[in-house]
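Novice: Given next are the chains, with one letter for each unit.
There are 2 protein chains.
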Amino acid sequence: MVKSVIGPEIERLIQLLAKLPGLGPRSARRAALHLLNKKEGLMAPLGAAIQEAVAKVGVCSECGNVDSINPCTLCSDPRRDGATMVVVETVADLWALERASATNATYHVLGGTLSPLDGIGPEQLNMAKLVERVAHGGVKELIIAVNATIEGQTTAHYIMEQVSDFPVSVSRLAHGVPVGGELDYLDEGTLSAAMRSRTRIE
Amino acid sequence: MVKSVIGPEIERLIQLLAKLPGLGPRSARRAALHLLNKKEGLMAPLGAAIQEAVAKVGVCSECGNVDSINPCTLCSDPRRDGATMVVVETVADLWALERASATNATYHVLGGTLSPLDGIGPEQLNMAKLVERVAHGGVKELIIAVNATIEGQTTAHYIMEQVSDFPVSVSRLAHGVPVGGELDYLDEGTLSAAMRSRTRIE
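Line by line, the protein sequences give chains L and P. Be aware that the first sequence starts at 83, since it is given in my numbering, and climbs by one per residue. Be aware that the second sequence starts at 83, since it is given in my numbering, and climbs by one per residue.
Heads up, some of the hints might be wrong.
Identical chains share a label here; the pair holds if one copy fits it or two copies do between them.
Said to hold, decoys possible - Straight-line alpha carbon distances no greater than 25 Å define the calculated SDA-like cross-link-like pairs of lysine to any residue that follow: (1) K222 / A210; (2) K121 / E243; (3) K120 / A110; (4) K211 / E233; (5) K211 / D200; (6) K211 / A275; (7) K121 / R108; (8) K138 / G123.
In case anyone wonders, no lab produced these hints; they're calculated from the structure.
Please model the entire structure based on the sequences and the hints provided.
Specialist: This is the structure:
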């Protein structure tokens with residue numbers, strides 16, 4: 083990019099937009115022009131929405147969710163089942179489970195997975211608070227809903243060790259064939275797991 | 083999305099981000115969470131950059147480029163060749179030509195192409211100003227660098243008619259094989275054009 087023909091304000095806008103996941107340098111330029119073409123209808127509202135979120139949205143001190151109230155909407159909702167707690171890696175996973183209406187449980191967001199090679203140990207995650215919440219009592223079942231990756235499984239094992247002294251049952255999400263999935267496209271690990279965990283048709 | 087579990091500030095941020103080209107609902111959610119994870123490093127600066135661009139950046143009254151000064155950097159640069167003017171559809175096209183250092187000419191941004199079916203006539207484009215700039219004299223060559231689409235070619239013909247009374251030579255970008263392109267993947271129209279416009283190897 084020849085710097086001189088693009089004003090510094092636009093250049094900076096493009097550079098920051100390019101840091102969003104899903105946008106590269108080219109799509110960031112397109113996004114910047116799209117914004118400049120819709121200054122009143124989109125650009126000004128987006129700027130205001132970002133500033134408002136910066137000012138108001140924070141991390142829930144209970145579960146690690148993001149919200150404008152603390153404790154968050156989920157933690158302060160008396161209709162949620164406090165005896166069941168779902169442990170997820172990220173807020174995106176929490177949202178995904180909520181979209182699916184998969185559970186009425188409360189959540190705990192770790193903020194990632196253990197990854198010693200990347201320097202991510204328990205201290206870098208929301209782990210101490212998880213143990214504290216379990217130790218505090220009230221949680222009867224801990225559903226570990228981390229991704230089915232090596233790091234996710236390592237993290238799951240670590241959590242099981244940490245809570246082994248407390249009277250809480252620990253479970254994980256079922257492995258199996260995705261609904262709508264075709265067997266021919268599934269890996270051997272998933273197929274074997276689905277076979278082992280087959281359920282009887284009544 | 084179950085509205086109740088996502089705060090209104092985050093919901094609004096996601097909705098606005100989803101209007102950016104290249105971002106859908108899912109990637110807008112990812113982008114929103116990415117921003118919330120980097121509030122100080124990315125989110126606040128992006129909000130400020132957007133607000134600053136809203137306040138400072140406008141459309142150049144001469145050529146239709148976007149810049150924080152008016153006339154824009156290109157129009158007010160005495161080193162640019164005012165005798166040659168390149169007509170482009172969008173600012174993105176202007177940037178693309180500048181990245182390629184394809185010309186030292188001045189520009190004129192139409193803001194689109196004629197498309198009667200979409201209700202886009204000459205009045206919806208930056209067309210009157212183009213004719214005015216040509217009529218004003220000084221422009222010796224008008225290079226019509228619109229896209230090689232039906233709408234682009236229609237627009238090119240319209241411009242040629244509009245400036246036919248003025249002493250200006252009109253040209254268009256060459257058709258041919260893209261540099262690095264493979265013949266086998268090119269359409270017949272491009273290949274025929276490349277054959278007709280073949281150049282002698284000295």
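Novice: Are the hints correct? Go through all of them and say.
Specialist: Okay, the hints, checked on the actual structure:
Taking the shortest alpha-carbon separations for K222 and A210, only the intra-copy value of 18 Å comes in at or below 25 Å, while the best inter-copy value is 73 Å. Within a single copy, K121 and E243 get their C-alpha atoms no closer than 54 Å, and across copies no closer than 33 Å, so neither meets the 25 Å cut-off. In this assembly of identical chains, K120 and A110 lie within 25 Å of each other by CA distance both inside one copy and across copies; the values are 15 Å within and 18 Å between. Taking identical chains as interchangeable, the C-alpha atoms of K211 and E233 lie at most 25 Å apart only when both belong to the same chain, with a minimum of 20 Å there against 61 Å between chains.
When the C-alpha separation of K211 and D200 is checked against a cutoff of 25 Å, the pair qualifies only within one copy, where the shortest distance is 22 Å, while the shortest distance between copies is 57 Å. Neither within a single protomer nor between protomers do K211 and A275 lie at most 25 Å apart by alpha-carbon distance, with minima of 32 Å and 68 Å respectively. For the identical chains of this complex, K121 and R108 are neighbours both inside a copy (20 Å) and across copies (24 Å), given an alpha-carbon limit of 25 Å. For the identical chains of this complex, K138 and G123 are neighbours both inside a copy (23 Å) and across copies (17 Å), given an alpha-carbon limit of 25 Å.
Of the numbered hints given earlier, the model fails hints 2 and 6; all others are met.
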